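> Quick note on UniProt numbering: the sequence shown kicks off at 1 and runs consecutively.
Note that these hints are calculated values from the structure, not bench results.
No experiment lies behind these values; they were computed from the predicted model shown.
Among the clues, some could well be false.
[As the list claims (entries may be wrong)] Lysine-lysine pairs mimicking DSS-like chemistry, simulated, CA-CA at most 30 angstroms apart:
(1) Lys-164 x Lys-81
(2) Lys-164 x Lys-49
(3) Lys-81 x Lys-47
(4) Lys-134 x Lys-167
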Amino acid sequence: MPQNPSSNGLKVALVGDSKVGKSTILSRLLGDSFSPLYVQTKERVIKSKYVEVTGERPQKLQIWDTAGDGDYRTIAAYSIKDVQGIIVVFDVCEEDSYMHVQNWMSVIQNTIEHADSIVIVIAANKIDKIKTRKIQPEQIEQLAHQYSVKYVEVSAKSDDNIDKLFKLVAFELHKKAVEQSSYKRNEDESEDDTDSIESKKSKFSCILL
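With these hints in hand, go ahead and build the complete structure from the sequences.
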């Protein structure tokens with residue numbers, strides 16, 4: 001679907017298993033300090049943030065933090081129906097959360113009618129935990145390639161690449177908007193050309209009569 005940003009900004013949802021760090025990633029983006037205490041997200045949290053795009057005006061993102069537990073996946077599905085972008089988060093120290101990225105991609109594809117028209121980025125969180133890391137960069141690259149999406153390795157704890165993650169999302173959203181605008185313009189021009197040809201045919205037919 002074409003992007004239709006409101007004054008609230010482009011809607012971007014954070015999805016992924018429970019405890020992968022979605023809420024902490026959002027908190028770090030907003031400038032909050034890291035807290036080791038885990039607080040389960042039981043309902044969606046919505047925050048707004050202007051994110052810089054190189055050479056362009058900052059993009060206003062309306063970021064939705066969703067619950068990750070099985071019982072809350074219906075909430076996540078409800079929250080992503082009209083998004084322009086999705087960040088799928090997993091924990092590089094938890095193999096299950098990595099494997100479940102495929103489940104989340106299925107939720108996205110089954111929930112959004114034109115899933116190929118939105119921006120999807122994978123966020124591999126907790127890269128600060130070097131000793132307990134189980135998912136290696138080449139595995140993440142392979143997963144991203146499988147779904148033709150981009151990815152960023154981040155650490156909410158050390159604040160590594162959090163800005164990079166959202167700048168990438170903002171840039172991809174801007175690029176997508178430009179592409180869709182160009183496509184619509186070309187489509188309109190094609191319709192105008194068709195109307196012009198039909199008009200000329202009609203006039204020519206009248207002359208023959």
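> Taking the hints in turn, state whether each one holds.
Each hint tested on the structure:
Between Lys-164 and Lys-81, the direct Cα distance comes to roughly 25 angstroms. Compliance with the 30 angstroms bound is thereby established for this hinted pair. Annotation: proposed proximity of Lys-164 to Lys-49 holds, straight-line Cα distance about 14 angstroms (limit 30 angstroms). Restraint check for Lys-81 and Lys-47: the C-alpha separation of about 17 angstroms stays at or below 30 angstroms, so the hint holds. Distance hint between Lys-134 and Lys-167 is fulfilled; the C-alpha atoms sit about 27 angstroms from each other, no more than 30 angstroms.
The earlier numbered hints are all upheld by this structure, with none contradicted.
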